[in-house]
Amino acid sequence: MKFNPLYSWHQIQAFFTFEWENSLFLYGLVWPFLVYFIKYLRQRGNQPRLELSLSVPLKQNRLTLLLSYVPMVIQVLCLSSVIIVAAGPYRVIKHQKKQVEGIDIALALDISSSMQTRDISPSRLETAKKMGKEFIRQRNHDPISLIAFAGAPYLASPITTDSAFLLHQLQRFQTNQIVEEGTALGDALGMCINQIRDSENPKKISILISDGNNTAGNLDPVTSAELAKNFNIKVYTIAVGSLQPSIDPVDESTLREIARLTKGKFFRATNGQALQQIFQEIDKMEASVVKTVTWEEHISLSYLFAEIALILFFIGLWVRFSWIGNSLED
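If you count by the UniProt record's numbering, then the sequence shown holds residues 1 to 330, one letter each, in order.
Treat the hints as calculated values from the structure; they're not laboratory data.
There's no promise every hint is true.
[Unchecked claim] Straight-line distance between alpha carbons at most 25 Å, and here's what the computed DSS-like set of lysine-lysine pairs gives: (1) Lys234 - Lys130; (2) Lys229 - Lys263; (3) Lys284 - Lys97; (4) Lys263 - Lys284; (5) Lys229 - Lys284; (6) Lys129 - Lys265; (7) Lys284 - Lys129; (8) Lys133 - Lys203; (9) Lys284 - Lys203; (10) Lys203 - Lys263; (11) Lys133 - Lys284; (12) Lys203 - Lys229; (13) Lys284 - Lys130; (14) Lys284 - Lys234; (15) Lys133 - Lys234; (16) Lys234 - Lys265; (17) Lys234 - Lys203; (18) Lys98 - Lys284; (19) Lys97 - Lys203; (20) Lys265 - Lys229; (21) Lys265 - Lys130; (22) Lys203 - Lys98; (23) Lys284 - Lys265; (24) Lys133 - Lys265; (25) Lys265 - Lys203; (26) Lys129 - Lys234; (27) Lys263 - Lys234.
Values in this document were obtained by computation on a predicted structure and should not be read as measured data.
Whenever a hint applies, use it, and build me the whole structure from the sequences.
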């Protein structure tokens with residue numbers, strides 16, 4: 001519940017929960033009461049008495065008697081409020097917040113025609129998409145950039161923590177989405193680097209999912225890997241495809257070299273379960289750091305007592321110059 005400094009501040013028990021900037025001033029609260037009490041005793045002792053012998057006793061006007069104490073009470077309360085303001089009352093509110101130190105991630109997925117191969121059910125691409133979605137859901141605190149590539153890379157999402165948008169974009173990936181044929185591994189990795197290289201986050205990784213056949217693009221994959229190394233970007237490469245001979249065999253060598261140069265790790269996913277385990281392993285190796293941050297907020301209450309003192313001061317003036325003051329003087 002959000003703290004409201006006005007809540008219960010006027011209650012006696014709440015007064016003892018205050019912290020004070022100048023607590024010594026609180027000793028001054030004794031003086032207004034003491035001074036006016038002595039003044040009251042003196043006035044009572046020095047008050048002249050006129051004794052009359054009447055058959056009917058005079059009835060003291062109770063209202064007048066009560067009103068006679070009003071100016072004194074107002075003055076005491078006004079001075080007490082000023083002293084409290086000088087003491088500097090405040091409340092200490094403790095807050096706790098969990099902060100997640102995320103990792104900047106660039107996720108690139110091969111959507112070339114070779115990813116339609118069904119050596120992994122239902123296909124290499126659909127299996128990779130399914131596991132990629134699970135990974136994004138697990139990393140909902142991390143900024144992620146999403147890239148699709150075939151003969152050229154395509155930026156599906158700039159770096160964001162909007163998991164819903166990332167999942168929506170990933171679902172749309174199809175093998176006919178990019179006109180350029182082939183697999184541009186080097187260009188795809190280059191786009192990953194551009195997305196996260198300028199980040200102030202010291203932890204940056206790229207995940208490259210492909211069947212490994214580099215057949216297009218302007219950048220050599222090894223050159224891109226050297227660039228990633230220079231920007232301290234660790235690259236995890238995942239080769240997707242069965243170990244069985246197929247029309248589109250998996251090329252591991254390029255993906256292995258990229259991972260080696262960037263101090264990442266190469267994985268081979270021969271089925272959906274293996275790919276799921278790979279994403280889980282990456283998730284554990286690159287875990288986000290959750291910290292609990294505690295801080296104190298000081299809510300000053302001086303203004304409340306300053307307002308009270310000001311209000312009492314004007315009430316005192318009104319009492320003095322109104323009919324109440326005139327009746328008391330009479």
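Out of the numbered hints, which ones does the structure contradict? none
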